[in-house]
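Novice: Single-letter residue listing:
Number of protein chains: 2
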Amino acid sequence: MKLHRIHSLQRKLSENGIDAAIILQHRDLFYYSGTAQPCNLIVPQKGAPLLLVRRGESFVREETWIEPYEMGGSPKQMARKLGELGISHGTLGVEFDTVPYGLIQRMAAAFPAFTLADVSPLIMEQRAVKDPDEIQLLREACARFDLMHEAAQRSIRAGMTELELSAVLADVQIRNQVEQRVFIRRWDDWLQPTGAIASGENLHRISGHAHTVTGVGLSTALPWGASDREICENDLIVVDSPINYKGYHADNARTYVAGRATPRRRDTYRDLMEVQSAALGAIRAGIPVQEVFEIGMEKVRNLGFADFFQGFGDSQGQYLGHGIGLEVDEPPVIDPRTSTPILKDMVLAVESKFIIPDFGAVFIEDTVHVTEGGYEILTRSSRDLAETG
Amino acid sequence: MKLHRIHSLQRKLSENGIDAAIILQHRDLFYYSGTAQPCNLIVPQKGAPLLLVRRGESFVREETWIEPYEMGGSPKQMARKLGELGISHGTLGVEFDTVPYGLIQRMAAAFPAFTLADVSPLIMEQRAVKDPDEIQLLREACARFDLMHEAAQRSIRAGMTELELSAVLADVQIRNQVEQRVFIRRWDDWLQPTGAIASGENLHRISGHAHTVTGVGLSTALPWGASDREICENDLIVVDSPINYKGYHADNARTYVAGRATPRRRDTYRDLMEVQSAALGAIRAGIPVQEVFEIGMEKVRNLGFADFFQGFGDSQGQYLGHGIGLEVDEPPVIDPRTSTPILKDMVLAVESKFIIPDFGAVFIEDTVHVTEGGYEILTRSSRDLAETG
Numbered sequence: 007m008k009l010h011r012i013h014s015l016q017r018k019l020s021e022n023g024i025d026a027a028i029i030l031q032h033r034d035l036f037y038y039s040g041t042a043q044p045c046n047l048i049v050p051q052k053g054a055p056l057l058l059v060r061r062g063e064s065f066v067r068e069e070t071w072i073e074p075y076e077m078g079g080s081p082k083q084m085a086r087k088l089g090e091l092g093i094s095h096g097t098l099g100v101e102f103d104t105v106p107y108g109l110i111q112r113m114a115a116a117f118p119a120f121t122l123a124d125v126s127p128l129i130m131e132q133r134a135v136k137d138p139d140e141i142q143l144l145r146e147a148c149a150r151f152d153l154m155h156e157a158a159q160r161s162i163r164a165g166m167t168e169l170e171l172s173a174v175l176a177d178v179q180i181r182n183q184v185e186q187r188v189f190i191r192r193w194d195d196w197l198q199p200t201g202a203i204a205s206g207e208n209l210h211r212i213s214g215h216a217h218t219v220t221g222v223g224l225s226t227a228l229p230w231g232a233s234d235r236e237i238c239e240n241d242l243i244v245v246d247s248p249i250n251y252k253g254y255h256a257d258n259a260r261t262y263v264a265g266r267a268t269p270r271r272r273d274t275y276r277d278l279m280e281v282q283s284a285a286l287g288a289i290r291a292g293i294p295v296q297e298v299f300e301i302g303m304e305k306v307r308n309l310g311f312a313d314f315f316q317g318f319g320d321s322q323g324q325y326l327g328h329g330i331g332l333e334v335d336e337p338p339v340i341d342p343r344t345s346t347p348i349l350k351d352m353v354l355a356v357e358s359k360f361i362i363p364d365f366g367a368v369f370i371e372d373t374v375h376v377t378e379g380g381y382e383i384l385t386r387s388s389r390d391l392a393e394t395g
Numbered sequence: 007m008k009l010h011r012i013h014s015l016q017r018k019l020s021e022n023g024i025d026a027a028i029i030l031q032h033r034d035l036f037y038y039s040g041t042a043q044p045c046n047l048i049v050p051q052k053g054a055p056l057l058l059v060r061r062g063e064s065f066v067r068e069e070t071w072i073e074p075y076e077m078g079g080s081p082k083q084m085a086r087k088l089g090e091l092g093i094s095h096g097t098l099g100v101e102f103d104t105v106p107y108g109l110i111q112r113m114a115a116a117f118p119a120f121t122l123a124d125v126s127p128l129i130m131e132q133r134a135v136k137d138p139d140e141i142q143l144l145r146e147a148c149a150r151f152d153l154m155h156e157a158a159q160r161s162i163r164a165g166m167t168e169l170e171l172s173a174v175l176a177d178v179q180i181r182n183q184v185e186q187r188v189f190i191r192r193w194d195d196w197l198q199p200t201g202a203i204a205s206g207e208n209l210h211r212i213s214g215h216a217h218t219v220t221g222v223g224l225s226t227a228l229p230w231g232a233s234d235r236e237i238c239e240n241d242l243i244v245v246d247s248p249i250n251y252k253g254y255h256a257d258n259a260r261t262y263v264a265g266r267a268t269p270r271r272r273d274t275y276r277d278l279m280e281v282q283s284a285a286l287g288a289i290r291a292g293i294p295v296q297e298v299f300e301i302g303m304e305k306v307r308n309l310g311f312a313d314f315f316q317g318f319g320d321s322q323g324q325y326l327g328h329g330i331g332l333e334v335d336e337p338p339v340i341d342p343r344t345s346t347p348i349l350k351d352m353v354l355a356v357e358s359k360f361i362i363p364d365f366g367a368v369f370i371e372d373t374v375h376v377t378e379g380g381y382e383i384l385t386r387s388s389r390d391l392a393e394t395g
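If you read the sequences in order, they're chains A and B. In my numbering, each number is its position in the first sequence, counted from 1, plus 6. In my numbering, each number is its position in the second sequence, counted from 1, plus 6.
What the hints contain is simulated information worked out from the structure, not anything from laboratory work. There could be a bad hint or two in this list.
[Unchecked claim] Quick list of simulated restraints, FRET-style, between CB atoms:
| # | chain 1 | residue 1 | chain 2 | residue 2 | range |
| --- | --- | --- | --- | --- | --- |
| 1 | A | Ala115 | B | Ser14 | 42 to 52 Å |
| 2 | A | Arg276 | B | Gln159 | 48 to 58 Å |
| 3 | B | Gly78 | A | Arg307 | 27 to 37 Å |
| 4 | A | Gln111 | B | Ser14 | 21 to 31 Å |
| 5 | B | Ala116 | A | Gln142 | 16 to 26 Å |
| 6 | A | Glu76 | B | Pro127 | 30 to 40 Å |
| 7 | B | Gly379 | A | Pro127 | 51 to 61 Å |
Positions of the beta carbon are idealized from the N, C-alpha and C atoms, including for glycine.
Chain A with its partners taken away, still in its complex shape (with noise of 0.2 Å):
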């Protein structure tokens, strides 16, 4: 019973003069009704909100703590039900992040009385700060990278290619039930479950999906992620992986030798955690998201790797980490530009990476849940350059 959810959300739409919102969003459904099956969701402002059923309904009935529910779905009968609920006109809320264009057309018809609004930017200020449940599932999901952080230290090896150290860990993940598949808010882009295994070269070129270390992939159908490459002796290398258990995912990222490190690679990579450690340093409720960022930064510039920092070149990024729940990649995001406070009860991935042409990269990223005075590190596997083979 996670009414409560609702209650907040029915807050924000009076705060913002939005007289209902209508959820389609898979993973906003969930979120507000407890099912994933397909279903839209009117919520009015005030009173209760209605569950229109379109498939699935054996497994609503048994998940959903919405009452009532009823069949249906389409925008002329949502329209109807909110002409029931007294509401005949004025601002209706929908996700224009990620409803496509044709369906919120059809809804616009069926809603002529109505002007539209965005209700996405409410409904992810909501999820950013997590409940107790939810911060249960991400520490689980946590604990399933650290599964994942222990194979990778026990099975890299020179002449293993990225791929077959996919296939170590998407085994890992399958038997400790990790989701094979990744939700990611923003409508064109994709991870794969083991997501981005990169080494030696692949390490400094990046794709365009994001600024990160992304490895090349194994097509251009899908440049990201493990390629056919043979690691070899003394090769760094990186798996960033989001972890979808349950419905929450973690982000977490470690950097591997395959062999034993050189004293340049230990340098950079305890320089590398300077800069975390700045960042996580910082972060408490109650401190703008920008300072979090600022600080980070300070330390890179300080130890000189600021043309290095989350890439390089075109491919540089102005961020330090995200948020991350249902999706991975939620509000707020660690950038100069972010004012809001952090707040207690947050989820974040901090992430920090050198990406250096000729050498490589070194990448630590730790999802953490922000306490009242600092945060909590909810993975409990060693975070140091791991030597292997």
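Assemble chain B onto chain A, guided by the hints.
Specialist: Chain B in isolation, oriented as in the chain A frame:
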């Protein structure tokens, strides 16, 4: 060099009175430009297309056959570029079915002198007929399903869970370069890479995302695919897997018994294969799609399975297959409403299943290439009911 794809689209734009199209969706972009990096593609009704590269230029340079390309891609820049091509007003084609409302709204604001039209139906009509290269990739994708089928026959035994079977099949997929990301055009649908794996009573528990054997998954957050149910002696098991190989998806299903098949199961499977053979036998270039459906359904009725074909009760579907390629759910849908003809070099996933409460399900799906006078099944493995253990 596949510029002929652009020329075909231009003919369709001309026939439909669309002055230019702006392609934003990643699979369409890959089809027309050869790159899946973040780009936008401007296709005027006449003359040279222009690719705008948002990121990943070092990849795009090696991949695309579109010349020229430029950096950028904001709605404003696109409007300016279209003006430079001499197109300052008229009808602008965009993809209504996949591009989010917010993005097309920003586009509309930048193109005030244009009326927007949905270009997706024209694109999907074109993509339905495959090039020889595409058919070859679909054949290679099907060869990878054959490897999965072999592994399933070798591995299935009472006592293993659906999830353990999924792990075995994922390992075969990954080591044979099957992408662990399946592309579906429908904005709110998804499939895990090993697809629907279901056994025993899970065969007739139908989740709402499609009218098929869905499996029940691991949690309410992703109610589809393998669960942690343990396979019992003499259970029926279905594996229905999409295979994304270099961007092209095969879609095939097989049915297994954990042990020896009873006479009822043999008979039911034999009847199912009669339906599948009837449907396949109807396929040839020129026949209306709906006739294939009707011929299959006539056989279903004659055999007395009308209440259990493609599900039962509320969950019963009216279809016999679908096109397949860069996405799993391509047109044409083989259903009673599709009156367009089947065309040479379409690739279709033809699927028959009986789902019977208290019995389970039997399921066969074949990916077939439509030839002038018939069809070719692209898998080579046995399509019999497979006894295992």
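Novice: Next, verify each hint and record whether it holds.
Specialist: Evaluation of the provided hints:
no.	hint	result
1	A:Ala115 / B:Ser14: 42 to 52 Å	32 Å, violated
2	A:Arg276 / B:Gln159: 48 to 58 Å	52 Å, holds
3	B:Gly78 / A:Arg307: 27 to 37 Å	29 Å, holds
4	A:Gln111 / B:Ser14: 21 to 31 Å	27 Å, holds
5	B:Ala116 / A:Gln142: 16 to 26 Å	45 Å, violated
6	A:Glu76 / B:Pro127: 30 to 40 Å	32 Å, holds
7	B:Gly379 / A:Pro127: 51 to 61 Å	57 Å, holds
Of the numbered hints given earlier, the model fails hints 1, 5; all others are met.
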